[in-house]
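Read in order, the letters of the sequence shown correspond to residues 219 to 573 in the numbering used here.
Please note that a few of the clues may not be correct.
Stated by the list, open to error - For each label pair, taking beta carbons as the anchor points, the in silico distance ranges come out as:
1. SER424 with GLU467: 30 to 40 Å
2. ARG384 with THR556: 35 to 45 Å
3. ALA258 with LEU561: 16 to 26 Å
4. SER423 with ALA237: 45 to 55 Å
5. ASP338 with ALA237: 26 to 36 Å
6. ALA322 with PRO358: 31 to 41 Å
7. LEU419 with GLN354: 34 to 44 Å
8. ARG555 with ASP263: 21 to 31 Å
9. ALA245 with ARG555: 38 to 48 Å
10. ARG264 with SER565: 38 to 48 Å
11. THR501 with ARG264: 42 to 52 Å
12. GLY230 with ARG428: 26 to 36 Å
13. ILE251 with GLN497: 15 to 25 Å
14. ARG323 with ALA237: 16 to 26 Å
Hints are computed from structural coordinates only; laboratory data are not their basis. Beta carbons are placed, not taken as given, at the ideal position from N, Cα and C, and that holds for glycine.
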Amino acid sequence: MTVDPDAFGLPGFYCPFEAAIHPQADAIEQRAIAWIDQFAFGDKDRARLIATASAEVIARFSPNAITERIQAVANMTYWALAFDDMCDEGPVSTCVRDFAVLAARYQRVLDLPDARTLDDDPYVGALQDIVRTFRQWATPAQMMCWTGGFRAWLLGVAQQISYAERGIMPSLDAYLAMRIYSVAGQDLMMIEMANGVEVPLEIMSSRKVRALVESANLVMALDNDLISYAREREQNHSEMNIINVLLHENPRYSLQEAVSVAVALRDRILTLFMKLGDQLMLTADEGLRVYVLDIAHGIRAVIEWGLKALRYLNAAGLAPERNLISSHYLKEPSDPRTEPPSLASVSWWWEQLGR
């Protein structure tokens, strides 16, 4: 693969977490492909879905997870990315009413995965299989957290589609509040299940852990925005992402200025995540320790995966001839400040330091 001379150059990713990957990553991917083939996604969708290499990002997320459990999480991630593409590019991408019908159908599966369905939607059958598998070894509290995260994801996507349908670009503050949910943060809710550990619900529900989880979600969302921007630009999409939001809110910004501001905000949030994580680890039990460490793995995983996934390297998400992005790692944050930004949607996270 060659790097396009006009590749979108990112200023670099500050990420002090070491890369890691599950030793069974290749086998997990092959079994996930076999799982995909059980459902009629269509040849084109199948090829594009396999090219996402979703198994790799999950294998990097939880490198020490129980193999059979991380397998189910990988399957779920393929499902989520297929659903994400449908919401971004399919018929529901600009019609929130149609999306609401779809979302209600999938929420019903979360509650009753064994219920008979009269439609032939392959996403329903695949999601039923995922939920049934999770229920085999997840605790009731873990299922509650995961399904709650799933519903929040659907709500975030609905909000995003609503903005698109009305032709509205949200403010930066409104965008961040939405993006925390639309990034599919339910992935973080699967870490406990995959590792066979459990964080007590009262700890998971605490404001400090909530701030940790939300800040990590947003870092990964902003990284995804930055990495996917080149593909969206190549396709002439004016989709909602951190760069377009900043350009809309600050018309005088050049593209590179908007990128720099986005990266600085991202680095500032990552610095907060690290401080919150350090404080939590002082008194963490095994479950919380594994949870925090794997969230850190996940932040690195999204970058490692995104910078080489065909999904982001070229417009089609399939052909490897052109590489639309280039980047590298940095040892220091571009904005190391520890005080909160003037953004109501996230500023409360910083208030949890020292509590």
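Q: Sort out which numbered hints this structure fails and list those numbers smallest first.
A: 3, 4, 5, 6, 7, 8, 13, 14
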